[in-house]
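For this one, chain P is given, so just place chain U on it according to the hints.
Line by line, the protein sequences are chains P and U.
Residue numbers for the first sequence follow this note's numbering, so the first one is 1 and each next one is one higher.
Residue numbers for the second sequence follow this note's numbering, so the first one is 1 and each next one is one higher.
Calculated directly from the structure, the hints in this document are not laboratory data.
Every value quoted in this text rests on a predicted model; they were computed, and no experiment measured them.
Check before you lean on any hint, since a few could be wrong.
Unchecked claim - Label-pair ranges, simulated between beta-carbon atoms:
id	chain 1	residue 1	chain 2	residue 2	range
1	U	K12	P	I51	58 to 68 Å
2	U	K220	P	Q15	46 to 56 Å
3	U	N167	P	V283	21 to 31 Å
4	U	G187	P	K11	30 to 40 Å
5	U	N167	P	S243	43 to 53 Å
6	P	V40	U	S56	51 to 61 Å
7	P	N171	U	T55	48 to 58 Å
8	U	D16	P	A175	51 to 61 Å
9	U	D119	P	V283	35 to 45 Å
10	P	S199	U	K220	43 to 53 Å
Where a beta carbon is used, it is the ideal one built from N, C-alpha and C, also for glycine.
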Amino acid sequence: MTIRAFGNSVKEGFQGIIRHPLVTIASVTTILLMLLLMSVFFVFSADARYIMKKVGQQPPIEIYMKLNCSNDELNMVSQYLSTDTEHVKSFAMLNPEQNYNRFKSNLGSSASILDDFDYNTYLPYTFTVQLQDPSYAGQVVTNIQAVPGVNKVMTESRVMLFLTETTKVVNIGTAVAFAVLFLISLFIISNMVRISVYSRATEISIMKFVGATNGYIRLPYIVEGGIVGCMSAIFAFLITYFSYARIYDWMMAKIEVSSYYALLPANRLAIWVLVLCLVSGIVIGAIGSGIAVRKYIKV
Amino acid sequence: MIRFENVCKTYKTGTDALKGVSFVIEDGEFVFVIGKSGSGKSTLMKCITREERPTSGMVMLDHFCISKMPRALVPVLRRQIGMIYQDFRLIESKTVAENVAFAGEIIGISKKRLHQMVDIVLNIVGLREKGSSMPQELSGGEQQRVAIARAMLNNPKLIVADEPTGNLDPQTSESVMALLQEINRDGTTVLICTHDSNLVDRMKKRVIEIDDGLIVRDEKGSGYSALKPTSKKAKPDFDEWEMNAPKMVSFDEMCKDLPDFPPSRGEDEK
Numbered sequence: 001m002t003i004r005a006f007g008n009s010v011k012e013g014f015q016g017i018i019r020h021p022l023v024t025i026a027s028v029t030t031i032l033l034m035l036l037l038m039s040v041f042f043v044f045s046a047d048a049r050y051i052m053k054k055v056g057q058q059p060p061i062e063i064y065m066k067l068n069c070s071n072d073e074l075n076m077v078s079q080y081l082s083t084d085t086e087h088v089k090s091f092a093m094l095n096p097e098q099n100y101n102r103f104k105s106n107l108g109s110s111a112s113i114l115d116d117f118d119y120n121t122y123l124p125y126t127f128t129v130q131l132q133d134p135s136y137a138g139q140v141v142t143n144i145q146a147v148p149g150v151n152k153v154m155t156e157s158r159v160m161l162f163l164t165e166t167t168k169v170v171n172i173g174t175a176v177a178f179a180v181l182f183l184i185s186l187f188i189i190s191n192m193v194r195i196s197v198y199s200r201a202t203e204i205s206i207m208k209f210v211g212a213t214n215g216y217i218r219l220p221y222i223v224e225g226g227i228v229g230c231m232s233a234i235f236a237f238l239i240t241y242f243s244y245a246r247i248y249d250w251m252m253a254k255i256e257v258s259s260y261y262a263l264l265p266a267n268r269l270a271i272w273v274l275v276l277c278l279v280s281g282i283v284i285g286a287i288g289s290g291i292a293v294r295k296y297i298k299v
Numbered sequence: 001m002i003r004f005e006n007v008c009k010t011y012k013t014g015t016d017a018l019k020g021v022s023f024v025i026e027d028g029e030f031v032f033v034i035g036k037s038g039s040g041k042s043t044l045m046k047c048i049t050r051e052e053r054p055t056s057g058m059v060m061l062d063h064f065c066i067s068k069m070p071r072a073l074v075p076v077l078r079r080q081i082g083m084i085y086q087d088f089r090l091i092e093s094k095t096v097a098e099n100v101a102f103a104g105e106i107i108g109i110s111k112k113r114l115h116q117m118v119d120i121v122l123n124i125v126g127l128r129e130k131g132s133s134m135p136q137e138l139s140g141g142e143q144q145r146v147a148i149a150r151a152m153l154n155n156p157k158l159i160v161a162d163e164p165t166g167n168l169d170p171q172t173s174e175s176v177m178a179l180l181q182e183i184n185r186d187g188t189t190v191l192i193c194t195h196d197s198n199l200v201d202r203m204k205k206r207v208i209e210i211d212d213g214l215i216v217r218d219e220k221g222s223g224y225s226a227l228k229p230t231s232k233k234a235k236p237d238f239d240e241w242e243m244n245a246p247k248m249v250s251f252d253e254m255c256k257d258l259p260d261f262p263p264s265r266g267e268d269e270k
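The following block holds chain U by itself, in its conformation from the complex:
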């Protein structure tokens, strides 16, 4: 669960990015954060990943106040969060499999186990055959799927995506969104910051709209614009669309052959 309590953020330059933002996101929710450029969306995301610290107010993640968390614990927090970015942020000198494995290496997962886990997540995102390719050999959509696979590797409770479709064509964007929706179906909370009005409108998920550092709208099952009566034909449901996504395989289904995978989710819930 993510809880923002009257969060304000003023940068050193004097810019008020957030002016008292409060909301709660329950576990397993799929939420879009929308708003104009400079409205404070990215600052909000950065407060969750602790790239920024609120000037006042509290950011809680599973009852832990991450806004006051000591710097030394930030890496531990980030291992619980899968991050996806518009520019994919893949290491060009490493292969696809190495990029994905990277997230596991830093927490010291054994080589054999890591290899299995990488295979599973690459299979989920439909890139098992591309494990030995270099990122620059892949298309934008494939690179973003690699980033998603990396974000999934540690089986995070939360995936934070900042403009994940910003560099992708509409068709590829849809397949990436479908993938994120599939991950969300397995219980992972997904928080997406986007400008892509078409995708937001089609998916009809919870939308938090920010304007000038304040939440101006927080609606469930909403679109890019405030809810208004529309015919189903004009705006079909996302699930009815035939996606250009890889054949979806449930995350749990993929892991059934690996008894102690996922590694931490079960333990944490206990």
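In isolation and in its complexed conformation, chain P is listed as follows:
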């Protein structure tokens, strides 16, 4: 295809938008609704992942050292945790006295029964570890247990398992929902465009008879679909962004920003929603239109 032929096809694509305004409006609305659904799902899953990540980063691992562990052994554990930044977000070491005080404070009004307790004899040094992601727990536990001086490693295994499983379900759910919505949008949009293509079936057959390639015939429709998708994406983004910003303001009025249940701010999500809408919209529009023409170019 020559540059001029390519230019003609692109020009035809833009003209197609104006030529069939009702089909254009119907197509934009269809893709817009699909993209809105996609965006809402994306925002919901992004918030769910964000909350779970914060919850998962709570100290879910506690390392108990042997009662008679040496300073070298404590240093080895500290060194290991400080170097494994890929899995460990942060950690803190508590000496027997700090553990004693924490234990006492947990007992509340009954704390006085521990007044004569010899914490240096019976309480060990401990480390509390925050992980980057709860799914790393198994690996981190195995590695730490091999370090000398470590007595045992406690994990909130059921919580960890729940968090890991939930994160997986949310991720898979998001992917499946995207795929299903994508296919539905593709199907709907290709049927919408088929109406516009049908009205130009004669023109397409004439193009074939004078020697137009399939690519030349398809390109205007692909451009047209891409533009429709782009328009839908921009509308979907604006609606999602402003609606979410409102919801965020309303919900965060009662919740601390630093709370585990705080939502992601709209500005942090905006770019991702925009990219998602644009990519999905353009791809759905372009592929849907390309598919719609397929039947008519087999001449």
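This is chain U only, laid out in the frame that chain P set:
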């Protein structure tokens, strides 16, 4: 040159449209394909334009086996063939000039050059003044001349016409035939599928008659019916008729002011 070698075509429905057709059409010939409805004429034409692929046998065009040509090359083949149809197949949303230019646009001819070429072909078919008209504003004969102009634009080696006069009155049919004959005089092979017995009888060209998927007659200088002695007065020669055609101007004569036009013929012959 078109060569059919034992071409058979059976449709998915089980209909045998062609049952072993063989013939050769040399460059520059003017050939009528005649036969009853359903005899296989249109299938034969479609095998040349690769709208249909033979079930067996070979269709050769200038030593290229087009029946086995990959799908991707079909557009290239069709650019070498000018196609004319009974229903004209013009795009109603485009002007006459745009309809003609359309054939050049798809192969990316520059705007200026395309404009010149459109002017030339519209002049040849006698519609230069109607370039800005819409097809529906023209008569049937004029619309068919636009279709001929479009078919001529890429200077094809072969023009295939399927019932080109089917929707036209006798007088207009004659002018369209005269135009096709003029194009043929410039060296373009013309293959016409028709039911118009009067025109076939008058023009006395090569006639290939098909019946039930088989060639039953292939005669040069023949008529719609098999050759039989007739008096010249009763069936005058086509050339002696005063045609209602536009004033004929030779294609080469029209192109003399455009040094590199026609675009491909000369190169291909080399």
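- Could you tell me which of the numbered hints above are not met by this structure, giving the numbers in increasing order? Hints 3, 5 are the ones this structure does not satisfy, whereas the remaining hints hold.
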